[in-house]
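*Asks:* Residue numbers (our numbering), protein chains in the order written: chain A, 76 to 257; chain D, 17 to 253.
Just so you know, not all the hints are guaranteed correct.
[Stated by the list, open to error] Cut-off 30 Å, straight-line C-alpha distance, at most; resulting in silico cross-link-like pairs (DSS-like, lysine-lysine):
| # | chain 1 | residue 1 | chain 2 | residue 2 |
| --- | --- | --- | --- | --- |
| 1 | D | K180 | D | K232 |
| 2 | A | K210 | D | K27 |
| 3 | D | K232 | D | K176 |
| 4 | A | K210 | A | K251 |
| 5 | D | K27 | A | K251 |
| 6 | A | K242 | D | K27 |
| 7 | A | K210 | A | K242 |
Hints were generated in silico from the structure; no laboratory data involved.
Being a predicted model, the structure only gives us computed values, none of them experimental.
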Amino acid sequence: MERLDHFAELLSRCAGGDRQAFEELYRESSGRLYAICLGMLRREDLAEDVLQDAFINIWRGASSFDPSRGAALTWMTSIVRNRALDLLRSAHVQAGQMSDEFHDEDFATQVRSPSTAAAMDASAEALARCLRQLKAPQRRCIMMAYYYGHTHDELSTLTGTPLGTVKAWIRRGLEKLRECLG
Amino acid sequence: MPRLDRYQDRKVFEALAGDYVLGTMGGGARRRFLELMAERSYMREATAVWERRLHPLGLNIIPITPHPRVWRRIRREIGTYRPPHPAGFWGNLAVWRSIAGVAVLACVGLTLWQTALPPPVTPTPAYVAVLVDARQAPVIVATAPRDTQRLTLLMMQAPKLGAKSDFELWAIPGSGQAPVSIAVLPRNQEILIDLDDQDRQVILSSGAFAISREPKGGSPTGAPTGPVLYQGELVTL
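Input sequences plus hints: build the corresponding full structure.
*Replies:* This is how it looks when you write it as C-alpha cells:
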C-alpha cells in the first residue's frame with residue numbers, strides 16, 4: 076500500500092509540473108503498464124506507442140486524478156488499457172500473432188507474480204480470492220480478456236466454444252465478482 | 017416516446033460497464049458505449065466502479081522494462097529530462113590522456129571543468145564534439161562512449177536563453193541533407209540523451225552537431241527554425 080500511495084503522491088507532484096516526480100513515476104510503473112500493453116498488442120512497436128501516448132496523457136492529465144475515487148495505478152491502468160483497446164479495435168491495426176505461451180491454459184499463473192502481488196495491495200488479494208471462487212472456464216475467459224484484450228468472438232474461436240456460451244461465462248463470472256467484491 | 021430506455025436498467029448498464037472495462041466489446045459496441053457514457057453520469061460511475069474492481073489484475077502482472085527509447089520519446093514530447101548523472105568521467109586522468117592531442121578544443125573545454133566534477137565511474141568516451149559559438153569559443157562538449165548508447169552534453173557556460181525559447185540539438189548530415197532533431201535540451205549543466213539505432217546512425221554518419229534556438233518545446237516544423245548558435249564536429253578518439 077505504501078508504494079501505491081506513493082504513486083498518488085507522485086501524480087499530485089506531476090500535476091504541479093514536477094518532472095522529476097514524473098520520471099520517478101515512469102521508472103516505477105512503466106514496467107507493469109508496458110507488460111499490460113505487450114500482452115494485449117503482442118507487438119513491441121504498438122505496445123511502445125501505446126505506452127508513450129498513455130504516459131503523455133498521464134502527465135498532461137495528472138491534475139484530473141482524484142485519489143478519493145481510486146488508486147493511482149488503477150487510474151493509470153485505465154488510461155493504458157483504454158488506449159490499447161482503442162488501437163486493437165481500430166480496423167487497420169493487426170495485433171501480433173498469439174505465441175504458444177499465450178495458449179497455455181495455466182497462463183494466469185504465469186502472469187501472476189504472487190510474491191509481490193499480495194504484499195502490494197489488499198485489492199489485488201481480494202480480487203484473487205474472488206476469482207478463485209469462479210468456475211474455471213469463467214475465470215479463464217475473464218483473465219484472457221483482461222490480459223490479452225480478446226473480444227467475445229475471439230474468445231469463442233480461441234477456446235473452441237460457441238459464442239453464446241462464452242458470453243454467458245463472462246456475464247456470470249462478472250456478476251459473481253461483483254457480488255464477491257461489492 | 018418512452019424516455020426510459022433499456023440502458024437505464026441497472027442490470028443492463030452494470031453488465032455493459034463490466035464488459036467495457038474487461039475489454040470484450042468489439043469496435044462498434046465500444047464506440048456506442050463511449051457515446052452512452054459521455055451523456056450519462058451513472059454509466060461513468062458504473063465504469064469507474066468496475067475499474068476499481070478489475071484493475072488490481074494489473075498489479076499481478078510481471079513487469080517488463082520498456083526500451084529506453086520510449087522514455088526518450090516521452091521526454092522529447094513533454095520537454096522533461098533525466099536528472100544529472102551522479103558521477104561523470106571528467107575527472108578521470110586516463111580520459112584526459114586519451115582526449116589530449118586528439119581533440120584540442122575538447123581539452124580546452126574539459127580543463128574548465130576538470131576540478132568541478134566528481135570522480136569517474138563511466139566508460140571512456142570514444143566520440144567527442146565541442147560545440148563553439150560564432151567567436152569559436154567552446155560552449156558545449158558532447159561525448160559518447162564506444163557503444164554510443166548515450167550522448168552526454170556538458171554546458172561549459174550557461175548560455176543565455178529566454179523563457180519562451182529552448183535549445184534544440186541537431187545532427188547535421190553532410191551532402192546538404194536536412195538536419196535531424198536529436199533532442200530539445202533541458203536547462204541543465206549536464207544533459208544525458210539516450211540514443212536509439214536511428215539516432216546513432218544519423219549521428220555517426222553525419223559527424224556534426226548544431227544547436228539552434230527554437231520556440232519553447234522545440235521546433236514546430238521538425239527542421240531548425242531559429243538561428244544556429246553553436247556547432248561542432250564529432251571527433252573519433
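*Asks:* Could you work out which earlier hints the structure fails to respect and list their numbers in ascending sequence?
*Replies:* Per hint list: zero violations.
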